[in-house]
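Whole structure, please, built from the sequences with the hints as guidance.
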Amino acid sequence: MKPSIERIGSLLALKRTERPEEGYWQDFLCEFHQRQREEVAKRRTFSGLCERTTDWFSELGGAKWLHGAGLAYAMLMAALLVIPRGVEVEVVPLVPVNHRMT
Amino acid sequence: MFFRQPQRPDPDRDLVSQAQHGDTRAFDALIIKYGDKLYGLVYNMTSHKEDTHDLLQNIFARAYQSLGKFRGQSSFYTWIYQIAVNQTLNFLKKRKRRAGVSLDDPESSAADDPGLVDTAHAANPEQQSNLNELHKRLNEAMRSLSNSHRTVVAMFDIQGMPHGEIAKVLRISEGTVRSRLHYAHQQLQSFLQECWEQRF
Numbered sequence: 624m625k626p627s628i629e630r631i632g633s634l635l636a637l638k639r640t641e642r643p644e645e646g647y648w649q650d651f652l653c654e655f656h657q658r659q660r661e662e663v664a665k666r667r668t669f670s671g672l673c674e675r676t677t678d679w680f681s682e683l684g685g686a687k688w689l690h691g692a693g694l695a696y697a698m699l700m701a702a703l704l705v706i707p708r709g710v711e712v713e714v715v716p717l718v719p720v721n722h723r724m725t
Numbered sequence: 004m005f006f007r008q009p010q011r012p013d014p015d016r017d018l019v020s021q022a023q024h025g026d027t028r029a030f031d032a033l034i035i036k037y038g039d040k041l042y043g044l045v046y047n048m049t050s051h052k053e054d055t056h057d058l059l060q061n062i063f064a065r066a067y068q069s070l071g072k073f074r075g076q077s078s079f080y081t082w083i084y085q086i087a088v089n090q091t092l093n094f095l096k097k098r099k100r101r102a103g104v105s106l107d108d109p110e111s112s113a114a115d116d117p118g119l120v121d122t123a124h125a126a127n128p129e130q131q132s133n134l135n136e137l138h139k140r141l142n143e144a145m146r147s148l149s150n151s152h153r154t155v156v157a158m159f160d161i162q163g164m165p166h167g168e169i170a171k172v173l174r175i176s177e178g179t180v181r182s183r184l185h186y187a188h189q190q191l192q193s194f195l196q197e198c199w200e201q202r203f
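Residue numbers (our numbering), protein chains in the order written: chain U, 624 to 725; chain Y, 4 to 203.
Read the hints as simulated data drawn from the structure, not as lab findings. There could be a bad hint or two in this list.
[What the hints assert, rightly or not] Mimicking DSSO-like on lysine-lysine, the simulated pairs with C-alpha atoms at most 30 Å apart in a straight line are:
{"no.": "1", "chain 1": "U", "residue 1": "Lys665", "chain 2": "Y", "residue 2": "Lys97"}
{"no.": "2", "chain 1": "Y", "residue 1": "Lys72", "chain 2": "U", "residue 2": "Lys665"}
{"no.": "3", "chain 1": "Y", "residue 1": "Lys171", "chain 2": "U", "residue 2": "Lys687"}
{"no.": "4", "chain 1": "Y", "residue 1": "Lys52", "chain 2": "Y", "residue 2": "Lys36"}
{"no.": "5", "chain 1": "Y", "residue 1": "Lys97", "chain 2": "U", "residue 2": "Lys687"}
Keep in mind that this is a model prediction, so the values were computed, not measured.
See below:
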């Protein structure tokens, strides 16, 4: 015999009263403020900038592939514009030889 | 002609505005106000106390950083709830499945949790013991569900959110919410069948 859906629902509803232990939120706030101070200090460093860029990229979801492809294309175009194309060779126009019978 | 129900004013409007202007105590008050509910959500999705704590730190940090972008189109609670669900689901995708040690930890056994004491059977130790065993099995059953199914069960059955609200937070249709719940309930029923027959 299976428990009814209603009975399962009642059992699950009992879990609504689950709480963290006494004093949890006071400690939580202390830790939260500490992390905020560390975050402010980190933002001023280059590694913080890299981390934020990585986080932003990972949050893009499926669009990150489009952004990545666009960035790669832009870099390729920039490279093609900047890199020298090779030595220019002066072409001497051909002059027909005048063979005169003497 | 149909009239749209006027949107109820956000009860947290003043606190949110103060927090947006840099009042950290206002944001602290919001953490205290919604902490327990978000704790319940994340804990029932992850089944792990330490992960719950870390996730909550990240969730509130993310909310604080993004507070400037909050325009009040939804209530603050709906907004932060959405952040909590998204962060937790992202975490669950990355995490390898591991046993929910906290739920079987002797320090936090079902027998000690006042919320799990069935007052109707409080005078009957055998019945209470059966109930505790059932709760352990229920936690195992929850862990056996996929992330998406566990999420809707946590939101509907445990947190008591209506289908429409769940659909809005998860950005899925109400029909999808109902079908996921239906499937999840069937899975829970099958998982608990043996335990139920033995105990009741």
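- request: Would you pick out the hints that fail for this structure and give their numbers low to high?
  value: none
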